Amino acid sequence: MADDLQHDLLIVGGGGAGLRAVIAAAEAYPDLDIAMLSKVYPMRSHTVSAEGGAAAVIKENDSLDDHIYDTISGADWLADQDAVEAFVNEAPGEMIQLEHWGCPWSREEDGSVAVRPFGGMRIRRTWYAADKTGFHMLHALFQTSLKYTQVTRYDEWFATRLLVEDGRCQGVAAIELRTGVMRVVKAKAVILCTGGGGRVFPFTTNAAIKTGDGMAMAYRAGVALKDMEFVQYHPTGLPGTGILITEAARGEGGILLNTEGRRYLQDYNLGEPLDVTDPSHPQLRSMELGPRDRLSQAFMREQEAGRVFEGEYGTYTHLDVRHLGERLIDERIPFVRELAKDYAGIDPVHEPIPVRPVVHYMMGGIDTDISGATSLPGLYAAGECACVSINGANRLGSNSLTELLVFGRRAGHAAAVWAKEHPDFDSASIEAQGAEEQARIAAAYLRPREGGERIAAIRRELNAAMESGTGVYRDQAGLEAATEAIAGLRERGANLALDDHSHSFNTELTAALELESLLDVGEAVAHSALARTESRGSHQRSDHPERDDERFLRHSLAYRTDGAPRIEYSDVTITKWPPAARTYGS
Amino acid sequence: MPGPLPRQKSNTWWNQRWAYRIVLLRELSSVAVAAYVVLLLLLLVSQVREGEGAFASHVDVLTSPLLWIVHLVILAFAQLHSSTWFALTPKALPLKLGGRRVPDALITAGAYGAWLAVSAVVLVIVLVVA
Amino acid sequence: MTSEATATRTVTLEVFRYHPERDDAPSFQSYEVPYREEWVVLDALNWLKDEVDGTLSYRWSCRMGVCGSCGMMVNGRPRLTCNAFLREFMPGPIRVEPLRGFPVERDMVTVLDDFMGKLTDVKPWMIREQEQPVEEGEYRQTPSQLADFKQFSMCINCMLCYAACPVYEHEDEFIGPAALALAQRYNLDSRDQGNAQRQELIWSDEGIWDCTFVGECSAVCPKHVDPAGAIQQAKVEATNSFFLSFLPFTPPGMGR
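Just so you know, the protein sequences line up as chains A, B and C, in that order.
Note that my numbering has the first sequence beginning at 3, numbered continuously upward.
Note that my numbering has the second sequence beginning at 28, numbered continuously upward.
Note that my numbering has the third sequence beginning at 199, numbered continuously upward.
Calculated from the structure, these hints are not laboratory results.
Note that the structure is predicted; figures quoted are calculated from it, not measured.
You may find that some hints are simply not true.
Claimed, not checked - DSS-like mimics (lysine-lysine), calculated; alpha carbons at most 27 Å apart, straight line:
#1 A:K61 / A:K578
#2 C:K421 / C:K348
#3 A:K149 / C:K433
#4 A:K422 / A:K149
#5 C:K421 / C:K321
#6 C:K433 / C:K321
#7 C:K348 / C:K433
#8 C:K421 / B:K123
#9 A:K343 / C:K433
#10 A:K149 / C:K348
#11 A:K149 / C:K421
#12 C:K348 / C:K321
#13 A:K343 / C:K321
#14 B:K36 / C:K348
#15 A:K61 / C:K348
#16 C:K321 / A:K149
#17 C:K433 / B:K123
#18 C:K433 / C:K421
Whenever a hint applies, use it, and build me the whole structure from the sequences.
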């Protein structure tokens, strides 16, 4: 173990939530020694890929209660309503703050920020920067963070373990990728902002880095993963690559068509279509602007009915934006055009875009309270890796970018306060844990091994098990098969043989560690889904097709054990909006 | 342990792409233009010093076959110099009319237009004086 | 995944190899990779890494041209490998190297410390004499004012422009295209008032005046940022400012 690295506050993960937490802590407590550690340079974080926008009430015709109701009903009432209220109340201030930090929001002619319609929202309230909203938000946050000289950055460091002593989190063990040296970074408080784990699935919009490392670290440290069965399929990804075609394409008026040229969503209780030339098209909370879970489910039913196109990379339907015209497409959704041209070989100005549902987001994550605190003292979490929960059983598009800001800031403040109140480390003990972790990794991966397995082989089988067992529609048999497969893969994963036993920038080693994370995340998803014998939001059990508020208006909590995870439940906080039928299109 | 590979600096970078070669020629073009200006200045000085009679001999020198070639080379350099400047104009001086950016090609075309107009004026002056 | 006919075709990848723990000099290693019509160079590298040689090191993440990780030299040109299709280079071989002009950590992994430092130096954040309280709402900015800097805000920091810039290759101090374009992005933003604070560095010899307008930075930029344009604009501003400083009064519109 080389020299001593120690800080008041350590943020793991350099995406939107992590950067917001850093800035919040630095602004509130300028004397605080803050560090940010991330396995990639912050501007590479997956926030960069978000496209459509970020929701916050700003216009005269909107109200906070409307945004709250849309979010709660979108979540199929599994969201904690106190958290949603805090989220919606703080969202506008956060968005304006980001505007003050330079985010180039698209504008109205009068210079005010422009908003666009988004799925499941009854009012236009999604702020956007053309269709690269996440990119602009991330770069604005990152560039703003550069001005705080009290922040130390550990770019391209891979955290592998939370260091817990005396019942509280006191830092992380992390590999400096450049040298391959395992280091202990001590901190009085740690915030995990490491994103989701969409890469556990084979077909996903998620970047390669989305391997659920933070979720897995917390899970191994005894913190529960909450509501992990809720995995969002975005209805419009490009077949083959899974590249996201933003919901903004539908917000601007794009329509979904099956092989018969029919706007098939009208057959799935999502309302009546208006002609695309009708000034009221697209209708809010209706048809193509329904919530993502319902749209993805409609696709699967169309597939069963044989009304989808067959392509080389699976089935698809058409997303047609041609009627918007070239000028509007280039102004509002230029990235959609660029991506469709590059990766689907079609120009959306002249041809419909082939799309199919694709794994996009995890509603579940590390169980936190409304300030980002976990059950492990000194450990906080925010962003996709956390579950507060505002997203419940289905997240509305454009709520997650705002969530990064609101809960990134909250976690930053809360963790900073904790750090100021808890001055002491147990250095010897956590140094020893770091050494232990180094020895574990060296023994597991950095020695030649005869007849071991390749990382890619295990990962592929894990992906396949998740896709067949925990897809849009699930049932007991499929979920049991998935849990068994994952248990088997976990055993085989202990016998990996790496080609690379060197230290410097050993990306095969990081892939092996990421596989550990993916196995943990996959296990939590499959077991939580198996235990929830109802259908709610994105979790659809074909063997239990009804929502069951009596038994399951509760959050699932998956705890890691040596065998199958232990699943417990906690109550959902209901303040003013009692559970009701979830209706769209009327 | 050898450590990271240091930054490599190539001395032949300019010969690796046509874009780089043209940049180098463009930079050299200023030398050619400057050399021609010096040549004309020298002729002017000698003319002032030696009087009217020098003019005819200078015309002879300037129209010799060798100087014809020199003229053509310098003309080509001057063309390259001007056209790269015109290509640069919209980048350095983006114009906005009524809140919309004027297309780059239009600005470059404007520069060529102005060039033609000035050349025409010069031509008229020369013809009239002659 | 794909039809028999294309699966049996292969293409040769000549990959730059360098390992800091054992190599004194870099070398090239050739691999045969299946050719697929829809594959990009990054897909081929991932296939190699997964199936053939786990020691191959390179960065990648979003595979949709926006995270900026996977820039490499492909047949001598700086490219995002997630957007460089094998079919562009057939019948091959395809030579894959780290971005030029940077130290190499290992294989295609370059050292970015220099850029990260220079990015901070140009103060790429909003500078205001007076912050408007959040409660008073957003700063007003018309679509036309947004258009003044939008293009320069599209930079993904992929470093292709640095790899294309012979000045950066030879001048250690040169701030370089992307960082200068980002400085210009903030200078042109109607909400920003930090022009004067950025000037000293931007207008110095390490800044815009090191640029000889090769223009290749803009030619290779995958996001059409046009850093060369940003730098030339800054040169015009600096020149104007120099000459105007001789005037005994400040002309209208030159107050900044």
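A quick look at each hint next to the structure:
Proximity of K61 of chain A to K578 of chain A is assessed by CA-CA distance (about 23 Å); at most 27 Å being required, the pair is judged to hold. A C-alpha spacing of about 12 Å is found between K421 of chain C and K348 of chain C, which places the hinted pair at or below 27 Å, so the restraint holds. The suggested pairing of K149 of chain A with K433 of chain C holds, with an alpha-carbon distance near 26 Å, which does not exceed 27 Å. A threshold of 27 Å between alpha carbons decides the hint, and for K422 of chain A with K149 of chain A the separation of about 22 Å falls inside it, so the pair holds.
Distance restraint check for K421 of chain C and K321 of chain C: the Cα-Cα separation of roughly 22 Å lies within the 27 Å cut-off, and the hinted pair is therefore satisfied. For the suggested pair K433 of chain C and K321 of chain C, the alpha carbons sit about 18 Å apart, so the restraint of at most 27 Å is met. For the hint linking K348 of chain C to K433 of chain C, the alpha-carbon distance of about 19 Å falls within 27 Å, and the restraint holds. The suggested pairing of K421 of chain C with K123 of chain B holds, with an alpha-carbon distance near 22 Å, which does not exceed 27 Å.
Pair hint K343 of chain A plus K433 of chain C does not hold up; C-alpha atoms about 36 Å apart against a cutoff of 27 Å. Proximity of K149 of chain A to K348 of chain C is assessed by CA-CA distance (about 22 Å); at most 27 Å being required, the pair is judged to hold. Among the hinted pairs, K149 of chain A with K421 of chain C is consistent with the structure: their alpha-carbon atoms are about 26 Å apart, no more than 27 Å. Distance check on the hinted pair: K348 of chain C and K321 of chain C sit about 18 Å apart at the alpha-carbon level, within 27 Å; holds.
Under the criterion of a C-alpha separation no larger than 27 Å, the hint pairing K343 of chain A with K321 of chain C is inconsistent with the structure, at around 35 Å. At roughly 34 Å between alpha-carbon atoms, K36 of chain B and K348 of chain C are farther apart than 27 Å, so this suggested pair is violated. Of the pairs offered as hints, the one joining K61 of chain A and K348 of chain C holds, with about 24 Å between alpha carbons and a cut-off of 27 Å not exceeded. Restraint check: the Cα-Cα separation between K321 of chain C and K149 of chain A comes to about 7 Å, which is no more than 27 Å; the hinted pair holds.
Of the supplied pair hints, the one linking K433 of chain C and K123 of chain B holds, its CA atoms being roughly 19 Å apart against a limit of 27 Å. With a C-alpha separation of about 23 Å, the suggested pairing of K433 of chain C with K421 of chain C holds against the 27 Å cut-off.
Hint compliance for this structure: hints 9, 13, 14 are not met, and every other hint is.
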